[in-house]
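Join these two chains into a complex; the hints should help.
As given, the protein sequences belong to chains A and B, one line each in that order. Counting along the first sequence from 1, when you hit position 10 you're at 10 in the working numbering, and nothing is skipped either side. Counting along the second sequence from 1, when you hit position 56 you're at 1056 in the working numbering, and nothing is skipped either side.
Keep in mind that the hints were calculated from the coordinates and are not lab data. For clarity, every value in this text was computed on a predicted model and none was experimentally measured. Possibly wrong hints are sitting among the right ones.
Unchecked claim - Keeping only pairs whose Cα atoms sit at most 25 Å apart, straight-line, the calculated SDA-like set for lysine to any residue is: (1) LYS1039(B) - ALA1006(B); (2) LYS39(A) - LEU63(A); (3) LYS39(A) - ALA1126(B); (4) LYS39(A) - GLU1201(B); (5) LYS36(A) - GLU1205(B); (6) LYS1039(B) - PHE1084(B); (7) LYS39(A) - LYS1039(B); (8) LYS36(A) - ALA60(A); (9) LYS39(A) - LEU1208(B); (10) LYS39(A) - GLY1199(B); (11) LYS36(A) - ALA1035(B).
Said to hold, decoys possible - A partial selection of chain A residues facing chain B, derived with a Cβ cut-off under 10 Å: (12) ILE34; (13) LEU35; (14) LYS39; (15) ARG41; (16) ARG44; (17) THR47.
Note that beta-carbon positions come from the ideal geometry of N, C-alpha and C, so glycine has one too.
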Amino acid sequence: MPIYVTLDRLLDQRGMTLTELSERVGITLANLSILKTNKARAIRFSTLEALCAELECQPADLLTYDD
Amino acid sequence: MQTYRADRVVRVLSTLVSIAYFGLWSLGVTLLVCAPAAKLISAGRNWIWQVEFPANLPDPATTVQTTWGPALFVVREVRGRLQFPVGLLPWRLFAVLWVHVAVVLGLTLLSLHHLRQIFRRVQDGAPFDADNALRMRTLGLLLLALAVFNGIATLVTTLALRAELSGGSVSVASGLHFNLPLVFAALVLVVLAEIFRRGSELEREQALVI
Chain A
1 MPIYVTLDRL LDQRGMTLTE LSERVGITLA NLSILKTNKA RAIRFSTLEA
51 LCAELECQPA DLLTYDD
Chain B
1001 MQTYRADRVV RVLSTLVSIA YFGLWSLGVT LLVCAPAAKL ISAGRNWIWQ
1051 VEFPANLPDP ATTVQTTWGP ALFVVREVRG RLQFPVGLLP WRLFAVLWVH
1101 VAVVLGLTLL SLHHLRQIFR RVQDGAPFDA DNALRMRTLG LLLLALAVFN
1151 GIATLVTTLA LRAELSGGSV SVASGLHFNL PLVFAALVLV VLAEIFRRGS
1201 ELEREQALVI
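If we strip away everything but chain B, and leave its shape as in the complex, we get (with noise of 0.2 Å):
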C-alpha cells in the first residue's frame, strides 16, 4: 500500500498557518499585556497611540471633467487614524479598545488552533478523520462569529470614539458592516465541513469492505 505524502502545498501552508499561530499568540499577548501597562506609566511620557476607524468627509463628492464629459467623483470608504499621547485616553474607551481586540483576537487564534489541527491530521494521511469534520464545522462557525462580533464592535467602538470627538472637518462614521466574504467563507467551511462527515462515514464503511 502507497504511503500517502501530503501535497508540497499542503506542507508549506501548514507551515504558515503555524507560524501565523504561534506569532500572533505571542504578539496578541504582548499587547494585551503592555497596553495596560502602557496606559498606566505614562504619565509624563508622550507615547503616542492611533486607532483607526471608519470616517466621513464633509464634502465627499465632487464634479470632475473626464474626456467623456462630467462625471460625479464620490469618495467612499475612507479610513481615519486618531493619533493622541495614551496617557490622556478616557479609561472607558480604552476598556472599550481592550476588549474589541482582545475577543478578536481570542477568536482569530481559536480559528488558527483548529485550522492547524485540520492541516495536522491532513498530513497524517486522515483528511476524512472524523474530528477533523467537526473541526472544520467549528472553524466556519468561529469565523461566522468574527465577522458577526467585529461589525458589531466595531459599531460600538465607533459611537465611542464619535462620543469623544468633537471639532474638526473629519467625523467618525459608523454604521454596521460586515465583512461579507468572511461570512461566504465561513458558509462554505460549514457545508464543506457536513460533506467531510459524510466522508469520513464512507470511509469507516469502506475500512470493513474487505
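Just chain A, same shape as in the assembly (with noise of 0.2 Å):
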C-alpha cells in the first residue's frame, strides 16, 4: 500500500515507546503495533485524532504518501 504511517519517527522524536503511547491513547499494543508496521487497511478518523492528540503533531506528520 502507498500510504505509511510514519509512526516510529514521531515515537522516536517525543523520546515515547509504543506501550506508553498505547497507554495514553487507549489503543492497544497490538493495534498500533500493527499500524506501526504498515499492516493496517484502514484507519478511523477518531484514532486519528487520538494520536494526533498525544503526539502533538499534524496527520499529515504521520501519514505519508510514496506510489
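Following this line, the structure appears as C-alpha cells:
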C-alpha cells in the first residue's frame, strides 16, 4: 500500500515507546503495532485524532504517500 | 471489550449434537460389527430381524361416503416391515442392506462431526472463522450426498428385496424418491457457507481497521 504511517519516527522524536503511547491513547499495543508496521488497511478518524492529540502533530506528519 | 458468550439455545443445541454424535458412533459401530457376527452364529436360533421398506397395497383406492358426497380415498406411502429369522437371510441381500446402513451412517456421522466443529467455533466467539465457512459448505454437500445416496440405495435395496419375495397380497414398492426437505436444507447450507465466507473476509478486513 503506498500510504505509510510514520509512527516510529514520531515516537523517536518524542522519546516515547509504543507501550507508553498505547496506554495514553487507549489503543491496544497489538493495534498500534499493526499501524506501525503498515499492515493496517484503514484508520478511523477517531484513532487519528487520538494519536495527533497525544503526539502533538498533524495528520500529515503521521501519514506519508509514496507511490 | 465485552467477552462473547454464546446464546443458551446454541449451548443446548451444541450439547445435543455432541450427544447425538457419540451416541450414533457407539450404536453404529456396534450394529455394523454385531450384525454380521449375529448372522454367523444365528444357526439354530430363532433371532428375528426386521427390515422396513415402502410397500404397495393390492387395492389402494376405495370409495368412501362423506357428508358432502362420495369421494375416492387413496392409500399412499405405505411402509411394510418384513420380519424373518436372520439365519435365513441370503448373504448377498445382507451385504446390500449392510452397505446401505454403513454408508448412511458414515455420511451422517461426518455431517454431525462438521456440525459439532461449527458449534464449537460459534461458542468460542468466532462464527465467521474461515474454517467455519468451509465446514458449512462441506456439511451442505454431505447432506446433499446423503439425500442422493439414500434415494438410490433405497431403490437398489427394494429391487433386491422384491427379487427375493413372492406371493402375499402386499408387494415391495420400488422407485426413486429423494428426501426433498434434506436437499433443500443442503442447498440453504451451501449458500449460507458462501455468505459466511464473505463474512469471514469482512471480519479479517475489519480487524485491520485501527
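Status of the hints after comparison with the structure:
{"no.": "1", "hint": "LYS1039(B) - ALA1006(B)", "in the structure": "47 Å, violated"}
{"no.": "2", "hint": "LYS39(A) - LEU63(A)", "in the structure": "13 Å, holds"}
{"no.": "3", "hint": "LYS39(A) - ALA1126(B)", "in the structure": "22 Å, holds"}
{"no.": "4", "hint": "LYS39(A) - GLU1201(B)", "in the structure": "16 Å, holds"}
{"no.": "5", "hint": "LYS36(A) - GLU1205(B)", "in the structure": "17 Å, holds"}
{"no.": "6", "hint": "LYS1039(B) - PHE1084(B)", "in the structure": "12 Å, holds"}
{"no.": "7", "hint": "LYS39(A) - LYS1039(B)", "in the structure": "65 Å, violated"}
{"no.": "8", "hint": "LYS36(A) - ALA60(A)", "in the structure": "15 Å, holds"}
{"no.": "9", "hint": "LYS39(A) - LEU1208(B)", "in the structure": "7 Å, holds"}
{"no.": "10", "hint": "LYS39(A) - GLY1199(B)", "in the structure": "20 Å, holds"}
{"no.": "11", "hint": "LYS36(A) - ALA1035(B)", "in the structure": "65 Å, violated"}
{"no.": "12", "hint": "ILE34", "in the structure": "6 Å, holds"}
{"no.": "13", "hint": "LEU35", "in the structure": "5 Å, holds"}
{"no.": "14", "hint": "LYS39", "in the structure": "6 Å, holds"}
{"no.": "15", "hint": "ARG41", "in the structure": "4 Å, holds"}
{"no.": "16", "hint": "ARG44", "in the structure": "7 Å, holds"}
{"no.": "17", "hint": "THR47", "in the structure": "5 Å, holds"}
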